[in-house]
Amino acid sequence: MATKVVDAAGEPIPTSSVLMSSAKHIEIKCMSENVEFLKCKKKDPNPEKCLDKGRQATRCALGVLKDLYQRCKDPMEAYVGCMYYHTNEFDLCRKEQQAFEKACPLD
Amino acid sequence: MTESVIRNKPGMASVKDMPILQDGPPPGGFAPVRYARRIPNKGPSAMAIFLAAFGAFSYGMYQVGKGNKIRRALKEEKFAARRAILPVLQAEEDERFVKEWKKYLEYEAEVMKDVPGWKVGENVYNSGRWMPPATGELRPEVW
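Those protein sequences? They're chains X and F, same order as listed. Numbering of the first sequence is given in this note's numbering, commencing with residue 1 and proceeding in unit increments. Numbering of the second sequence is given in this note's numbering, commencing with residue 108 and proceeding in unit increments.
Just so you know, the hints here were simulated from the structure itself, not pulled from any lab data. Just to be clear, a hint being listed does not mean it is correct.
Restricting the straight-line Cα-Cα distance to at most 20 Å, the calculated cross-link-like pairs of lysine to aspartate or glutamate (DMTMM-like) are [stated by the list, open to error]: (1) F/K209 to X/E48; (2) X/K24 to X/D91; (3) F/K176 to X/D52; (4) X/K49 to F/E199; (5) X/K49 to X/D67; (6) X/K43 to F/E199; (7) F/K209 to X/D52; (8) X/K39 to F/E199; (9) X/K39 to F/E207; (10) X/K95 to F/E200; (11) F/K206 to X/E48; (12) X/K41 to F/E202; (13) F/K206 to X/D52; (14) X/K29 to X/E48; (15) X/K39 to X/D52; (16) X/K39 to F/E217; (17) F/K206 to F/D221; (18) X/K4 to X/D107; (19) X/K43 to F/E202; (20) F/K185 to X/D91; (21) X/K42 to F/E200; (22) F/K182 to X/E89; (23) F/K185 to X/E101; (24) X/K95 to X/E77; (25) X/K24 to X/E96; (26) X/K24 to F/E183.
Examples of chain F residues toward chain X, derived with CB under 8 Å [as the list claims (entries may be wrong)]: (27) V112; (28) I113; (29) K185; (30) A188; (31) P194; (32) E199; (33) D201; (34) E202; (35) F204; (36) V222; (37) G224; (38) S234; (39) W237.
Just so you know, even glycine gets a beta-carbon here, dropped at the ideal spot from N, CA and C.
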């Protein structure tokens, strides 16, 4: 179902609830890759020109997801399930968010 | 006949001497009735009322401002999350687009191979910037 964070092979599934749940971690850990990608896009919106930077950004984000899943599986799954239920509304999932950020702090 | 029986005065000579039976005021008259207006002039003054209204209004606006700050913080949280995952989603879409675009360029070369002087591939606008293809359909296989 859509609340699973990783598929059968252990690779993270980037659904909207998973991405929104880990957005704060991605923002901190992948800041440089994201900024590089956005600068490349601003210079030239052609998709073919920014493919490699996009791949770096995706790799970083998926790495963050996998790392979070390995470090704190249960709070993350609870938070992702709550976000899926409430359609990515942060204010309705505060309890799970607190538990998740206590288990995997934001640095 | 009954009138003379009721209003009989002993020693009456004729009916014309009967005493008058009237509905009238009690002896001594009625008690005096006050009909003058007496609206008291106490209570809050104009300045007091104005200050109370102004105070209530400003307290309400203060609460509105506090609530707006909280709401803006919530919106900022949502937008910051969207900004953080934007590159991932855009990169995925770019990969998909590049694949589709290459297929389309091959199809265009195939179709226009007999047309003389047709430079296949990107014959879009002259400004030098890249514009997304304006086919009117974003993703035909989806829509």
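Hint check results:
no.	hint	verdict
1	F/K209 to X/E48	holds (10 Å)
2	X/K24 to X/D91	holds (15 Å)
3	F/K176 to X/D52	violated (40 Å)
4	X/K49 to F/E199	holds (14 Å)
5	X/K49 to X/D67	violated (29 Å)
6	X/K43 to F/E199	holds (19 Å)
7	F/K209 to X/D52	holds (17 Å)
8	X/K39 to F/E199	holds (17 Å)
9	X/K39 to F/E207	violated (24 Å)
10	X/K95 to F/E200	violated (33 Å)
11	F/K206 to X/E48	holds (10 Å)
12	X/K41 to F/E202	holds (14 Å)
13	F/K206 to X/D52	holds (14 Å)
14	X/K29 to X/E48	violated (25 Å)
15	X/K39 to X/D52	holds (13 Å)
16	X/K39 to F/E217	violated (36 Å)
17	F/K206 to F/D221	violated (25 Å)
18	X/K4 to X/D107	violated (25 Å)
19	X/K43 to F/E202	holds (18 Å)
20	F/K185 to X/D91	holds (10 Å)
21	X/K42 to F/E200	holds (16 Å)
22	F/K182 to X/E89	holds (10 Å)
23	F/K185 to X/E101	holds (17 Å)
24	X/K95 to X/E77	holds (13 Å)
25	X/K24 to X/E96	holds (14 Å)
26	X/K24 to F/E183	holds (12 Å)
27	V112	violated (95 Å)
28	I113	violated (91 Å)
29	K185	holds (6 Å)
30	A188	holds (4 Å)
31	P194	holds (4 Å)
32	E199	holds (7 Å)
33	D201	holds (4 Å)
34	E202	holds (7 Å)
35	F204	holds (5 Å)
36	V222	violated (25 Å)
37	G224	violated (25 Å)
38	S234	violated (12 Å)
39	W237	holds (4 Å)
Hint compliance for this structure: hints 3, 5, 9, 10, 14, 16, 17, 18, 27, 28, 36, 37 and 38 are broken, all remaining hints hold.
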